[in-house]
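Chemist: Residues per chain are reported as follows:
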Amino acid sequence: MSEVTMDGETLHLHGYTDATNVKQVPTRNGFGEGLVEAGLKNKNVLAICADLVESTRMEAFKKACPEQYIEIGVAEQLLVAMAGGLASAGKIPWIASYAMFNPGRSWEQVRTIMALNETNVKIAGAHAGVSVGPDGATHQAVEDIAIMRVIPHMTVVVPCDAIQTKKATLALSEMVGPVYLRFAREKSAIVTTEKTPFEIGKAQTFREGTDVAIVACGILVYNALIAAEELAKDGISARVVNNHTVKPMDTAAIVAAAKDCGAIVTVEEHQIHAGMGSRVAEIVAANHPVPIEFIGVQDRFGQSGDPVELIEHYGMGTTAIVAAAKKAVARKG
Amino acid sequence: MSLSQDALTQLRVKANDVRQGIIRALEAAGSGHSAGSLDMADIFTALYGSVLRHDPNNIEWADRDRLLLSCGHIAPVRYSAMANFGYFPVEELLTLRKFGSRLQGHPERVTLPAVETTSGPLGEGLAQGVGMALAAKLDKKDWRVYVVTSDAEHQCGLHWEAMMTAGKFKLDNLMCIIDRNFIQIDGSTEDIMPLEPLGDKYRSFNWEVFEVDGHDMGAILETIEKAKQVKGKPTVIVANTIPGKGVSYMEGDYTWHGKPPNKEQAETALRELQADRERILANV
Ligand SMILES: Cc1ncc(C[n+]2csc(CCOP(=O)(O)OP(=O)(O)O)c2C)c(N)n1
Ligand SMILES: [Mg+2]
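Residue numbers (this note's numbering), protein chains in the order written: chain A, 1 to 333; chain B, 334 to 617.
Source of the hints: derived by calculation from the structure; they are not laboratory data.
Honestly, I wouldn't trust all of these hints.
Cβ-to-Cβ under 10 Å is the rule here; a few derived chain A residues that face chain B [what the hints assert, rightly or not]: (1) Glu54; (2) Val74; (3) Glu76; (4) Gln77.
We put the beta carbon where it would ideally sit given N, CA and C, even for glycine.
Using the sequences and the accompanying hints, generate a full structural model.
Modeler: What follows is the structure, encoded as structure tokens:
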């Protein structure tokens, strides 16, 4: 357990620095657990499935709340449009598929029926990022944050581990409005604990630092923490910000990172173009310009491979983050 | 066109080779889709071995027939058929789904041009087939377009837009072949989202409909030949298949949709397939 405090509140983080025996759980499991809890709490919470009940972890909900579960087959546009209808009659539908297809295939339905129309539909985008692995580029969503964050009214959340994904699922079920929750397939490190607070729209400082701020989201927050540990050995003090809410982004936390540290590295399992890091850059450019380095997929498609191999290949491993941080610090001038 | 018994036997043996290649590739990959790949082995063998106008040594041949695999997840059957009909060495199948391989988890045209198009996201093949068939008509060319689709792809809206369009343009150079195995990821197609009466749906969209046992090589070839004779309409062949065909413990079990055999399971499968092969040869 590492005792980090933020605004006087302790974050109760897991001991994240021991890479060898850290507990690993897929973030999608957190979604599955959160969904069951949300469904048991409120019978208006529905789960609509497009032929991926096990992969998206809707299976437990199907068992626990059978009357609130709807299967529609391989039809992601229907998923959104039908959920819009259900939501306008007071239901709170969670719709799930791979992020590539929902919201990938259903983008215009999301824009019109969920966002412009302001309906209370919740998208769960599973298997996001290159860490999907052997399925290859067709199934590796690395543009989904971009296409969701650009739509007005959307809330976009990318939690850092399974425990936080569960909390996010519950919080997003309770807020009113269109939502995109993104999570991944593979096991990833648990960095928070049950007691770690979670609030939509509020970034969390997981590690204090003054030379450079590493602003990360999703499962790569763990890599950011390990990178910060490495940087400390070289005398560089790195702040690590878990920037789980991509929209609406915590402007104050980003501006503070720029002012306090004078350099930023953004880290996401997504195209660097138009993703979380781009939003950070927009905020920084408008408020307090400092050098920024971007870790993510560099305008390329993914490919088949082992998940860890792909994270390294696409420059999102710890070494790449350390190098980017050093470069950002050097650019301070 | 009716093939000699000898030629038919040869194709059946090839289909067996294709199945063995699928098992080896999936086992080596450690992930991937078994059921649909195995159940389309006879049809892919018929296509590459007898139906298609193609040349593995000249994949850019402008007058080649186009074969599109819409349900890209059953890539192993296409890869194995391609390897067994001379597109690349059979050993390359063991690179399936691995980093740097041309045999991506789902087919990609940029890495392996002979697959004609990138697929995996369901429901997109027929629409591209319509475009290709229209191009052939515009250019007054006689090459044909074959689109292999799964049954669950009929839950995707785009597929129906394409069906309607093929009817409108009377694309008799377009043939759709459906892997009617009645399974999808979450269970039976008829429980998840009923498709029947499937043939009637095509008929009402102005298609000519055929049905065939997807594991009867002679019938497959005969039906495709009949479908090729149809004028003024697109044609569809509903191929009734058994998911996992050829491997006893997989047959009919939807849970094999997206699982590979492990080492032991692969050995059992290869033993069964080898016995099948000997049976095919003994019947000559
Ligand atoms: C647009 C889209 N949505 C979801 C998926 C995930 N997926 C892969 S295969 C499949 C359905 C499987 O059924 P079928 O296509 O009939 O193939 P079979 O199991 O018979 O091989 C689904 C939903 C996908 N590939 N594309
Ligand atoms: Mg099927």
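Chemist: Min Cβ distance, A:Glu54 to chain B: is it shorter than 10 Å?
Modeler: holds, 8 Å
Chemist: Let me know if the C-beta of A:Gln77 comes in closer than 10 Å to any C-beta of chain B, holds or violated.
Modeler: This hint holds: A:Gln77 lies near chain B, its Cβ roughly 6 Å from the closest one there, short of 10 Å.
Chemist: Is the interface hint for A:Val74 satisfied, with its Cβ closer than 10 Å to some Cβ of chain B?
Modeler: With a closest approach of 4 Å, the A:Val74 hint holds.
Chemist: Holds or violated: is there a CB of chain B closer than 10 Å to the CB of A:Glu76?
Modeler: holds, 8 Å
Every hint from the earlier list agrees with this structure, and none is contradicted.
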